[in-house]
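Protein chains: 2
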Amino acid sequence: MPPPLDGIVVLDLTHVLAGPFAATQLADFGALVIKVERPGTGDDTRAFPPFKDGESAYFAALNHGKRSIALDLKAPADRAIFERLLARADILLENFRPGAMEGLGYGWADLSARFPRLIYGAVSGFGHTGPEAGKPAYDMVVQARGGVMSITGEEGGPPVRVGASIGDVVAGMYMVQGLLAALYARDHSGRGAKIDVSMLDAQIAIQEHSLAITTATGTPPGPTGARHPTITPFSTFRASDGFFVIAAGNDAIFARLCTALGQPELARDPRFATNAARCEHVHILKRLIESETLARPRAHWIATLEAHGVPTGRVQTMAEALADPQVLARNMVLPIAAPPGRPAFVAAGNPVKMTGLDEPSERAPAPLLDGDRAWVLDWLAGRESHQPDAP
Amino acid sequence: MPPPLDGIVVLDLTHVLAGPFAATQLADFGALVIKVERPGTGDDTRAFPPFKDGESAYFAALNHGKRSIALDLKAPADRAIFERLLARADILLENFRPGAMEGLGYGWADLSARFPRLIYGAVSGFGHTGPEAGKPAYDMVVQARGGVMSITGEEGGPPVRVGASIGDVVAGMYMVQGLLAALYARDHSGRGAKIDVSMLDAQIAIQEHSLAITTATGTPPGPTGARHPTITPFSTFRASDGFFVIAAGNDAIFARLCTALGQPELARDPRFATNAARCEHVHILKRLIESETLARPRAHWIATLEAHGVPTGRVQTMAEALADPQVLARNMVLPIAAPPGRPAFVAAGNPVKMTGLDEPSERAPAPLLDGDRAWVLDWLAGRESHQPDAP
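If you read the protein sequences in the order shown, they are chains G and L.
Quick note on numbering: the first sequence equals residues 1 to 391 in my numbering.
Quick note on numbering: the second sequence equals residues 1 to 391 in my numbering.
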């Protein structure tokens, strides 16, 4: 069974994170992704640390399995190549500042007139409409404006950035959804579509409880450290050797937790009888629980709590997460094949496990800048099969 | 032009967050989503605060535009209805504990044999394979195990939960990608597919820089408060009336920032001449910048910095974010229509703006539990059009 996007050609004009992250997912689904880069320097993230033998581990982990050609989209000869690519492409993806494509003569109005089946995806900081369309943004700007920093951090403390770059990543994920929906629709309509995803919009869309609380009560929530704002106990706790979480989502789980801790009477204490009461007495309950948990290591508590059916888990560093047996069993940590003379890197696996999509044992390497120029020109001339072997 | 998923029927057996979030996005793309709920209580989140007139704002914001029928999947009469629905469905989505569907006789092996075109999506804490398949998980458990809490929080401080429920949300988003890829592929193969998304896997997949740093250097990053780990200055700063961010992604932006602050000589100081030098002197640089910014309000600095081409923005509460002119101009805050006798709520708009997908001025309401039983039975009997008006 071929992969779901077998035969689909993606022209990837994107750089840094939101766009490349989206294009990589399309490659994971089986599309041929041709990364069109600026001559000389290419994608900015080729210069992002950390490096191995002069190559960026960051770029490698985000761009595996793509082809690269460097094109100057202001030079006539390169524009001619680009337009031959457009005629073969199903999807064009870019994350320039709004207006940049129009400046090159490749705005949506021109593209859709010349290539009516082309699907055009644009990821930007604030979108292609609205009073601030055209302004630049970085991940942190939309984390700040979108509200997530205001609910992340210690209770009463200053705002904290989400450690993962969710300002970029979730925008890239929404773009993939739009592109796939447009591919499906094109088989029925015969027409492409433009998809316009704003990083700021995407931040609003993922904040379910903060939006519900703010709009229903008029009072926005603040940060609550490592605990859930409306469920108790649902937070980190200290064991003798580090942090772990207990997630007691209802009264039955709380009762089992008290038994597991050797304090069954806590479940009958009126201060802790309901979730509402536990939320009111959250700090004293935390001290009572930690008076038990601090005495023994995490492994003890996790085994004990799991035996009692209480959701729990270690707070892991990324090194621990990448060595987690369940993560490894799911094929989520993959070596990137190292061609002769190039360094070995590691990438995340594809979190979408589906029928027809084989689980690889390694990733194809990220391309060198302009490293596939000859291959791409051959392919355009019909001297290569449509879907190449992994580069 | 019809919406991209016009005519697609989704049976939504999901509850709480990851699954309902995914099903709602399919409704946003134009699918008919029939929520199949447990009789009596329905989706747990119908009981999640905050409430208005006895209805949950949380449930409303996550389930707008769906139909609801309550079915006891162990009772023969209800199973018969469910199987008639399966025969009409394109997609079945569930987020039970792995094995639950097999226990009901609706595991993938049975479903695909009887309904070969059915696409079956399962979201779970740890996935349907691996040593911990079958264990329950909540958002916070996978935030902890997946590593994101270890890189979120104050420098040197304890791990902090990401304020938005990204453990659930990004898993739901990956599920939507898988379902859409399978819909596209089905038009070519004639066959459905099973999609298995694990919340823990999804956490690994979104942590690009943490994975790259950990695997390339052997040392996992820790939390860095409100600043980017490898770019400086790229963090929050205090103005006289609150926090804002400055994101100086390269030397040119840093030089413009220094000019905007009235301290052009900082750009020539060897301690701050390169990003690497600025990272080394990050704390002194922050004090020097705040010695200027603390003297005036955020509005002054944002206007000044934007005039100099420096990416910046306020750290906003959710109330401020939902009133942000750019957010409103993008139609990202939508009233939910209130039928007679029911309360009014608010939901996020659809962040995927695309050709063929009209931007609504309001959301259809979330269904009452079993509120569409008669409509669903009529529809099965062919007494309703395939695609109803908004409920």
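FYI, nobody ran anything at the bench for these hints, they're computed from the structure.
A hint or two may mislead.
For chains that are exact copies, the list does not tell them apart, and a pair is met inside one copy or across any two.
Taking lysine to any residue pairs in the SDA-like style, the calculated list, with each CA pair at most 20 Å apart, reads [said to hold, decoys possible]:
(1) Lys135 to Ala307
(2) Lys52 to Pro220
(3) Lys135 to Pro39
(4) Lys286 to Asp6
(5) Lys52 to Ala295
(6) Lys52 to Pro229
Copy assignment of Lys52 with Pro229, given that the CA separation must stay at most 20 Å: The answer is between: 19 Å across copies meets 20 Å, while 42 Å in one copy does not.
Up to 20 Å CA-CA - Ala295 versus Lys52, copy category: Result: close neither inside a copy nor across copies, 43 Å intra and 44 Å inter.
Homomeric proximity label, Lys52 with Pro220: Cα distance no greater than 20 Å: between (45 Å within a copy, 16 Å between copies)
Status of Ala307 relative to Lys135 across identical chains (alpha carbons, at most 20 Å): between (53 Å within a copy, 11 Å between copies)
Homomeric proximity label, Lys135 with Pro39: Cα distance no greater than 20 Å: Neither: 25 Å inside a copy, 50 Å across copies.
Status of Asp6 relative to Lys286 across identical chains (alpha carbons, at most 20 Å): The answer is neither: 52 Å in one copy and 50 Å across copies each exceed 20 Å.
When held up to the earlier numbered hints, the structure conflicts with 3, 4 and 5 and fits the remainder.
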